[in-house]
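Kindly produce the complete structure, drawing on both the sequences and the hints.
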Amino acid sequence: MLDHLPALQVIIPLISAPVCMLVTRASWAWLLATAVSIASFVMALLLAREVSVHGVLSYHLGGWVPPLGIEYRIDHLSAYVLIIVSATASITMLAARKSIEQEVSREKSGLFYSAYLLCLTGLLGIAATGDAFNIFVFLEISSLSSYALIAMGRDRRALTSAYQYLIMGTIGATFILIGVGLLYMLTGTLNILDLQQKIPGITGSRTLHAAFAFLTAGISLKLALFPLHLWLPNAYAYAPSMITVFLSATATKVSLYLLFRFFFGLFPPEVSFESFHLGRILLPLSIVAILTASFVAIFQDNIKRMLAYSSVAQIGYMTLGISLASKEGSIASMVYLLNHALIKGGLFLAMACIVFRINSVQLEDFAGLGRRMPWTMAAIVLLGLGLIGVPLTAGFISKWYVLSAAIEQGHWLGAVVVVGGSLLAILYIWKIIEQAYFRTPVKVALHTSAIREAPLAMLIPLWVLVAGNFYLGLNTSFSYNFASTAIHAIFP
Amino acid sequence: MQFLEHLELAILIPLLGGIFVLAFHSRPRLREASSILAGVLLFLYITQLLGLDPAQDHLRTLLEISPGLSIAFHLEPLGLVFALLASGLWVITTVYSIGYLNGNAEKNQTRFYLFFAMSIASAMGIALAANLFTLFIFYETLTLCTYPLVTHKQTSEAQSGGRIYLGVLLGTSIMFFLSALVITWIQAGTLDFVSGGILEGKLGGTASVLLFTLFMLGIGKAALMPFHRWLPAAMVAPTPVSALLHAVAVVKAGVFSVLKISVYVFGIDFIAEQDASVWVLWLAVATMLIASVIALSKDNLKARLAYSTISQLSYIVIGAALAWPAAALGGALHIVTHAFGKITLFFCAGAIYTATKCTHVSQFNGLGHKMPFTFAAYLLGALSVIGLPPFAGSWSKWLLVEGSASTQHYIVLGAFGLSTLLNCAYLLPVALRAFFKPPSPDVAAAGPGIREAPLACLIPLCATAAGTVLLFFYIQPLYDFLYPVFNP
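Keeping their order, the protein sequence lines are chains A and B.
Be aware that the first sequence starts at 1, since it is given in this note's numbering, and climbs by one per residue.
Be aware that the second sequence starts at 1001, since it is given in this note's numbering, and climbs by one per residue.
None of these hints come from the bench; they were simulated from the model.
One or more of the hints may lead you astray.
Straight-line distance between alpha carbons at most 25 Å, and here's what the computed DSS-like set of lysine-lysine pairs gives [said to hold, decoys possible]:
| id | chain 1 | residue 1 | chain 2 | residue 2 |
| --- | --- | --- | --- | --- |
| 1 | A | K108 | A | K98 |
| 2 | A | K327 | B | K1202 |
| 3 | B | K1298 | B | K1153 |
| 4 | B | K1357 | B | K1153 |
| 5 | B | K1107 | B | K1357 |
| 6 | A | K431 | B | K1153 |
| 7 | B | K1107 | B | K1153 |
| 8 | B | K1437 | B | K1357 |
| 9 | B | K1107 | A | K431 |
Next up, the structure:
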């Protein structure tokens, strides 16, 4: 049983998806989706332990030996991302039932949960597989299902956002497919490990240049790296609340994983950074992303959109870490990935709580929430401090590593941008806090006694994330050590 | 006395007090009692720490966040003095708060006492920090814990004051302090406080000047211009907050950090060798004079006192920047002496407000006869801040002036003189108006209605005023205690 874990990790959610569609009652579908999410989390933890004890796990699908057969390959990097994705899935599903009942019509809920499980399958599959074409397949599984999930948002604008994402996402996926195709043409293999050995011999090839360019552009689109981020704010703002929680903490993070997998694994890092100058492409884009997206976030009145723009900025921090082309920078970026998934997932979960009660995420409707939903607002304050990067929170740790990696490389502009971005974060987070604690509601509808604290089923997962925000701020033994082992394995 | 070694108790005691405050939310008497009790316990605990052998390190590592970066506490004279000062004055301020908050019927008192306790816990963390990392953490929590106190009234005025407060303090600390911290970490490979500094041989010339300046600007709580605006903005807070936090705990945490970094990160000799403080020195001199002139122009007493504090904080920064042991020692003593003087002045401002609702100096005519104790205490506090004997302030000023003369900074010497004159010009008229000018018509009309503030306000302010005199005569133990810090 344990031997088959790498495959089971992906297959269990995949098989459960159609089952979910057949289940007629919404609560049963929810139960199944939750059970599968938690099961995948347990499997991810088991895999992480196996990897820590025995080193890299290689699983040959159907018994075919790579490079001919498809290989599932779990190293520290994969295990790290698997944990993040499956943990987010569990927290989201535990909190999701009431919110989904409210936002998704009853007859669609079976479909909703099966789309969710497919999305989970895709994201887990990307992290688990060691085959470049397989990555594309899972990417499409997760993308297509997430278009459907976003389109299920209550606001009619969800449809156009999903369409926008569909177009952009498909272009991205196509680019990745073209890149992988070109690589296959050059080397005759799709196995990442095999590719890694063959690529250094052919760096002069123009086709390889083209493949690299297509992959970079494709992944950047999926990653929402500035200026290819335009799909993200709308998609996050209008998707069902719980889907925003799930996607914000996983989708872009898995794309970042792809960046690592392709440009540190498939292409050896010295090829990516020295022959193809990846750092010089990522660095300016990251800096612009941090500054402009943070700046735009300040002027948003829809808080989900504000947080979405903040995500674009935070992605900039992660790519900034990578662009430094140093071990420390990459580790910083990995630590950032985990901490940001936690903080942003938490903030969007708090938004879900607020939508559940007041059915709005407009800034003006936050007036007086400090008194009416004290626990939710306190969570927003604490997670917001994490986003700013105040000491004792996880956000501080991630900023600390990025900042020290930048200064270590003598990269002063990067360092200034890192701290400057934090200052901008204070501005947009404090807009929410001032509105909630200093203003009294104007709208009559918001004076009703119906507005009270969110249900416990949502509050508890939210506060688990708040606690995690502080735990990871005080104890970096998991985040830093695991990320460090992962990077040392792929960055010789 | 094994438990004494658990230095984190200094943080846990006020936090525990805070929990009791929450628990007794609906029983004001018990709530206030638990606040006072926590203060007394904390003060006793700190006095017990004085008895420990200072030669030993008493390092207490709480947890290691990442290799080399740990939350750790240690005992060291400078920090002990700051801890003793903050905890002692916390007790007095709590008594005063009870009188003030009830006298003015303030709302949300539970929140007030809770965040007050958390602020003190943060101040203790700063005082006992064994490395820069720990100091930075508690520096930031202090900013965040005081924010709800500054914006206590939740009016739009409080909101905009709070914005400036948080914006400047968080902004400078993230922009400059954090950067300086990371640079130090990368250059020196450690962030521990070590006598004589950790940068010797790691950094030199302009780089050391830049790093020192970065640190000093980053410590926004020391209110060096142009990052001083948060302090006047913080005056929207209830007066006990202004008194303890913005005359003692917060601002002194700032200058304490300045001294601590000068002595234990750079080392006084290193600063002198590299001339690292050259920019900061002139910035501090300019701040001292400009703030005094602005103070002259303020009619609102609390605003005037705020600018006076900005000016006085620069004395301490100058003490560090002169890079001369006697001057730095003078700066350290000034932390204590100015604290007693300034808290007295703020207590008086609050007492006047509670009794008469007057906030502006021009309204004080003739009030001295109605409130003789308050204004007498004010006069003592003012004389101490000015630095006249027989008040505590004279000692620290003496050492600072001596330091500037010994290092042949005659311009700084002249600036001290000028600043003293300005001090007289903006502090003394307040008391003189009250005693010698005829009462204004509305004060006269209010007639016998005006009398001294409640006893809970009056006793603390008399106590701190008496403290300024006592400290003049009993400064020697403090001097001896701090002497080894600057003359290793």
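- [ ] Give me the numbers of the hints this structure contradicts, sorted from smallest to largest.
- [x] Violated hints: none at all, because every hint is consistent with the structure.
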